[in-house]
Amino acid sequence: MNVLELINVEKRFGGIVATNNVSFNVEENETLGLIGPNGAGKSTIMHLIIGIHRPNEGKIKFLGEEIQNLPIHKRIKKGIAVMFQHSRPLKRQSVLENIKVALLKDKISIKFPKDINKKAEELAKKVALQDFLNRHSEELPFGVIRRMELAKALALNPKLLLLDEPFAGLNHSEVKEFSEIVNSIEKQGFSIILIDHNVKAVYNMVDRMVAIHSGKVISIGTPSEVISNPEVKRVFLGEESSNFLEKKDNISDEEILSVKIKSLKYNKAEALRNIELKVNRGQFVSIVGLNGAGKTSLLKSILSLVKYEGEIYLEGKALHNLKTSEIVNLGMAFVPETRELFKYLSVEENLEIPMHDLDNKTLKERLDEVYSIFPKLKERRKQMAGTLSGGEQQMLVIARALVRKPKIMVMDEPTLGLAPIILEEISKILDYMHKELDLTIILAEQNLHFALKHSDVVHLLEHGNLICGCSRKEFSEKIGEKYLA
Amino acid sequence: MLGKSKLIIVFIAIFLITGVAPWVVSPYIVGVITMAFYFSVFVMSWDLLFGYSGEVNFGPTFQIGTGAYVTALLNLNTSLPIGICIIGGTVASIIAGLVLVAPALRLRGPYFGLITLVSVFLLGEMITIFAQYTGGEIGISIPAIITTNQITNFYLAWGFSAISAIAMTIIANSPLGLILQASAQDPQEAESLKFNITKYKILAFSVSALFSGLSGALLVIYLGTVSVSLVVSIAVVLQIIISAIIGGRRTIIGPVLGAFFIILLRQWLQPLEQLSYAVVSILGLIVLMLLPDGLISIFVGKR
Amino acid sequence: MNLFWQILIDGFIISSIYAVGVVGFSLVFGTAGVLNLSHGALLVVSAIFFWFFVSNFHIPLVLGMAGGIIISVIVSYLLFIIVINPIDKSKKIPQDEKEVFVLTATLLWSMIIEEILIYFFSSNPVVAPPFVKGVLKIFNMNITCNEILLSLSSIVILILLWLFINKTRTGKILLAASMSHDGLAISGIDLKKVYITLWGVYGILTGVSGALLASFLGASPSSAGPLTGLAFSVVVLGGLGNITGSIIAAFLIGYIQTMTAYLISPAYTPIPAYVILILILMFKPKGLFGRF
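Residue numbers (numbering that gives the first Met the number 0), protein chains in the order written: chain A, 0 to 484; chain B, 0 to 302; chain C, 0 to 291.
Looking at chain A on its own, in the form it has when it is part of the complex (with noise of 0.2 angstroms):
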């Protein structure tokens, strides 16, 4: 029998569509992985199941009911629970309070259940959260958030759990020590969705998986039927067919940028610990990691856009007292991975805010030089930024940050959810920038394949920290195929 079942879900935020007639069924005591890169759909479904959105068109069916109009609330006593990646527990109370409400019932009522803290107690020791109960959250790493707000989840005891990237920001034994967890769980008479970026990660943890780009469905199966699908490798692994790019022959070996970084905190949770990255002028570095693994939080240190605890120099001068325009103008420029375009103004309005302090013909003769290198944004100078597409508007953040004539280009997943044909301009002008323009450039990438393309050197950063640091060809060979899958 069905647990749930997806028929034609399709849901448009505006015009963009962000599922497309997605179908796809969880058994009874099923496993499910569903697997897809960043930005393809995944959360959109996993809102659409929970009731977070509502789809414009097609039906949910929970054990054979139609819930696809309930608000949340009546979805969850239904017996759906999820386990968000991005929870906001309570930070006052205790780990045994959080867990505590979540085992209350929706009904106002001034005094606790006689027997909620044995119960409270008991779902702890079940995901090994006997030593924290009287801890705060604030205080706690992120591991062990994560075990308690699966405990919060368990608490609704429910015939299908949602697990949204439960492995994304957890180091090496802490992935361990959850997926441990995971597995002891599953055989308690209800089903999982298991949502992952990652297909490594849950391979061997699920039944069956459903493969997602661009919010389609693309393949469902078996864990071997899918990952040897051969569009299912395409999108998880970047194009194959393209070889490496031939390298620059005249790197020169000075050192153009040193970073030292002991180490960065959100809250008590390190991002990062004890990274060490130089780059020698004209250098094309990447920096390769899975989602999570703290390449943002890497390339912000860089350009002062988060706070850090460590050293980084450009061609000597110390930047980590520099407010980010300060570094800015000596000749940093970033591509953020959120774009931050400034969407109501026009595409030439974005390319003229960088140049705010050049006079009007330096202005028009550099915006003649980019226009030349996307011809596309010129013949959409008067659009607003925001309604550009998807590709258009990253080839204008590119632009945007070339315009100031930096040194050094630094580029957060250039390529996220972009389309394939895209990749390829893209990748078109990351070579003629680096080969022409003589940039050096740091380049953060989730598809390995995009990044070992252009790379001089390859960096794997792992759980927050930067292992290997060398060449194309070793890279692949050394850790390569371990990455994927």
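Just so you know, the hints here were simulated from the structure itself, not pulled from any lab data.
Careful, some of the hints might be misleading.
In the EDC-like style, the derived pairs of lysine to aspartate or glutamate whose C-alpha atoms are separated by at most 16 angstroms in a straight line are [unchecked claim]:
1) C:K166 <-> A:E348
2) A:K322 <-> C:D181
3) A:K342 <-> C:D181
Given the structure is predicted, the values throughout are model-derived calculations rather than measurements.
For this one, chain A is given, so just place chains B and C on it according to the hints.
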């Protein structure tokens, strides 16, 4: 919660110390403290809504004022017994709140705060427009008086304040309080734990309105007079909010401390006349910026 | 027929002054995300100082107005330096409660200004002398030249503001700040400078509108609250942070108030704005025109 037992000690201390006031201080100060008790209930009710369900109410005086004015008008224009007038005022305060303000509880963002602020302006305008009934700016005096005995009045206020504090502390530490805090922290997650959060927010709002309205009604009967500057104006709203923040929001008892601090400070600064309001506001701003956890954090540490 | 023209013209005059009075509030919210509940107080500050300079020192009106504007700019910067910036930077105040702290602190700020003004200038309303004298007869109605001048000045100021924001580099940077702060930082622009410009522009804008207000309706320290309420109603009606929306909403509310005054009773003038605001907040909280 850290220092919960310390909070209870502070609580008992405040009420024991103030309880002997009529026998040690001048009758004038006894009158001031009686006011402070009613005022402390305004502040506690505000804290229940803000501290536990995370909603900023810029219009506590909409509830207080409605409660006070309806009680006064009932007493003035009908021959109903005082008790019924008080109940009438309290019920009117809750209903007015539910009709006008509670719908905004569905919304996220600053909208609830905005709508409550507007409700105060609206009430103020209404009172001015219907001046033939409400006395306009000047206000009205009413015949009803429970007792003229100052000590009885003092203990009435003392008891009312203590009962309100106990009731609200129980609510804050009950399953209800926990669910409210969960909804304030992350509404989506609270709903995903099966809670219909609007229901709880409306309840919290109603409880807050009940105590504010009742306190407003009792205050009118105690003073025998009501006016905009006493129970409606934005200056009163600010005093309530400052008291809660100065005392220590999210503790119920901190606000009582804050209420006393503000009322006594105002009394002490009275020689400055008009400027005393400005000084209290400046002081409030300083505490707000430098000690955001309030005076109570001095006693029980950071929460 | 006469009544129709009366409403049309009076409504236009009051609406244009409202529009100028509230755009600053909208600009600050859009750019810095600050709902400044001391907006009304700032209008009153410049209005009263304008009146004070003119009536005490007998200087030309324009000089007095300049004085009022300077004071308004100073108070605007003080608000930024003493209140807004410290809260923004504070580590003690939890991030998710900062909005409440800003609202409360600006409300307190408003109270402080109001009380200090009452202390020095009493709470009596003041009316600045008219900029020009004389009366015009249009469609059988007498309209003072001063009112026409004020209304036209308001329109000119709105046009200048529009040109500043949409046509100058500094203006575009302010506009961009309302869309992405990080985007500005990585464009090499120091956010602090953006804020300094913003609060300066805000001070000037509010200073000018305060002076217009003083000459048209007059002002008293206790009008600070209601003026903030009005600004609020207009800005929420137009969509928070949407400057064009605010201007349209100012005209809507201005005309509704004028109609209430003429068709029902002048005493009821403030009510419709509040009722509309409450209805909007309940049913269409993003305002009539949304963001941008």
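Hint check results:
no., hint, verdict
1, C:K166 <-> A:E348, "10 angstroms, holds"
2, A:K322 <-> C:D181, "12 angstroms, holds"
3, A:K342 <-> C:D181, "13 angstroms, holds"
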